[in-house]
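J.: Here's the letter readout for the chains.
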Amino acid sequence: MIDYDNLLNKTVQEIKPSGIRKFFDIASEMEHVISLSIGEPDFKTPWHVRKAGIENLERGNIRYTPNKGLSALRVEICKYFARRFDTIYSDKDETIVTVGGSEAIDLCMRTLINEGDEVLIPQPSFVCYEPLCEMADGVPVIIETKVENDFRITPEELEAHITPKSKILVLPFPNNPTGGIIRRDDLESLAKVIIKHDLFVISDEIYAELTYGDDRHVSIVEIDGMRERTVVVSGFSKSYSMTGWRLGYALGPKPVISAMTKLHQFAIMSAPTTAQYAAIEALRNGDGDIEHMREEYDMRRRFVVDRFRKMGLDCFEPNGAFYVFPCIKSTGLSSEEFCLQLIKSKSVAVVPGNAFGECGEGYIRVSYSFSIQHIDEALNRIEEFLQEK
Amino acid sequence: MDKLLKLLSENSKLTTGEIAVMLNEPEEYIIKQIKEYEKQGVITGYRAVVNWGKVTDAPATALIELKVTPKRDTGFDEIANKLMSFDEVDTVRLMAGAFDFLVTVKAKTITEIAMFVANKLSTLDSVVSTGTYFMLKTYKDSGVSFDNDESEDDKRSLVL
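Here the protein sequences come in this chain order: A and B.
Each residue of the first sequence is one higher than the one before, starting from 1 at the first, in my numbering.
Each residue of the second sequence is one higher than the one before, starting from 1001 at the first, in my numbering.
Don't take each hint at face value.
[Claimed, not checked] Derived EDC-like pairs: lysine to aspartate or glutamate, alpha-carbon spacing no greater than 16 angstroms straight-line:
hint, chain 1, residue 1, chain 2, residue 2
1, B, Lys1003, B, Glu1027
2, B, Lys1003, A, Glu291
3, B, Lys1032, B, Asp1002
4, B, Lys1003, A, Asp298
5, B, Lys1013, A, Glu377
6, B, Lys1155, A, Asp42
7, B, Lys1003, A, Glu296
8, B, Lys1067, B, Asp1125
9, A, Lys346, A, Glu377
10, A, Lys16, A, Glu134
11, B, Lys1140, B, Glu1010
12, A, Lys79, A, Asp93
13, B, Lys1006, A, Asp298
14, B, Lys1155, A, Glu40
15, B, Lys1106, B, Glu1065
16, B, Lys1013, A, Asp376
17, A, Lys44, B, Asp1154
18, B, Lys1006, A, Glu296
19, B, Lys1108, B, Glu1088
20, A, Lys51, A, Asp289
21, A, Lys262, A, Asp93
22, B, Lys1006, A, Glu295
23, B, Lys1003, A, Glu295
24, A, Lys167, A, Asp198
[Unchecked claim] Derived DEER-like restraints, expressed as beta-carbon distance ranges:
hint, chain 1, residue 1, chain 2, residue 2, range
25, B, Asp1090, A, Tyr64, 48 to 58 angstroms
26, A, Arg216, B, Lys1013, 26 to 36 angstroms
27, B, Phe1099, A, Gly244, 40 to 50 angstroms
28, A, His32, B, Ile1031, 29 to 39 angstroms
FYI, nobody ran anything at the bench for these hints, they're computed from the structure.
Beta carbons are placed, not taken as given, at the ideal position from N, Cα and C, and that holds for glycine.
Take these sequences, add in the hints, and give me the full structure.
T.: So, in structure tokens, the structure goes:
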């Protein structure tokens, strides 16, 4: 008999399973669940983008691509970055195409972290940073963001968590699950602290195209002195509704991207070829699609926030991504109790806020990547649930 | 397109309060605007999108293409008015292309439609020829996909 406990890597055994996952498992065993839990766009990939994929399949463009991705795609990524964030990257040395943004985050952590290095991670945030950091022998240091600061991190909070071992700051904005965004002046004051303490930044900007209101997303690399100490991670999943194509990218200084490419080359070789051809089309002719989806999300966002507030819950006004993060402390229930009771009595699935870090306790994450009719029905049931409390 | 009209054409059950929130406008403005549209005849009614395929005694539907000779002074309008006056006729559209009018006809049975075309439509003065196409199944209507064989279920997986 093999002792599997002995076989498996200690760190991977110690990694906690995702709190979202745990809740999904409960939901999947129930029938007729109406879900507001999925973190994936409900739109189909725009037709012209799918068609570009099909055409390249037909032509037999099915080989590996260069390790860093198709040259034409890297050129388009750099053009996009130049027109959107006014920052020039070299498509040859400073760009790598990855299997989703997640792979880029993993590569980045493994490329930068030495054993014991501390990685500053603002929470609530997406669930992958902590485990990926731990797998790279890094030490996660959590910075709890607060609703009164619009779930942004402040320079004081950052400063307070810095030790001589601090090496990396993860910047997860626009933020999943809170919908919080970060503005230019916030970034400018954070940059001072970052530079003072010689930190390196992994900026996860996968939701960059999904912000609402007048302020569009500003990338930290636009701030003086930050380009040389930042890897920007982004991708096609959220902006072009291309989740299943599995395509993301990272932009950064040449030495970092080269080292990431080394790992990527051995582990992945190259990102999916068909997806890369489709992504070229998305970047060339997809700006209108983004705008259309953004407008739709924005209407739903207003609808959901308004409904939660009318139900009497405190609901932070999210200005990015496609989630709202209402506070459920007034019910006297914990996040997990709330979600469990809601799914059992009303068959509505939402995600407990503490799945995104302990400081998410007292909140729930509600996704609005669903049709208005679907959202309306789910919210009616949540309202009934609250009235029965 | 006007966002208010787009929202209402997709779902006329939205309340003015809900629309106001979604479009970030005061509710009074939305109410006023809808009234204005109704007055101008931009909005002419509100109704449900019915998947007749799921109704047992649903009416039979046919699309009829008509070639006509336009009248000297009134052009196509006089003929259109005549077509519109039949109870069996559901929609009348003037088309650019190989024929002039596309008319949707509804009746209890296919036979009734056939008799209507033979007796009432093709006998009209100006009608030169007709072509009748019976509708078998509707997959999508007014932007709404119907739950046919290939259902539009949410196929998204629970990943993270």
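J.: Among the hints numbered above, which are violated by the structure, and what are their numbers in rising order?
T.: none
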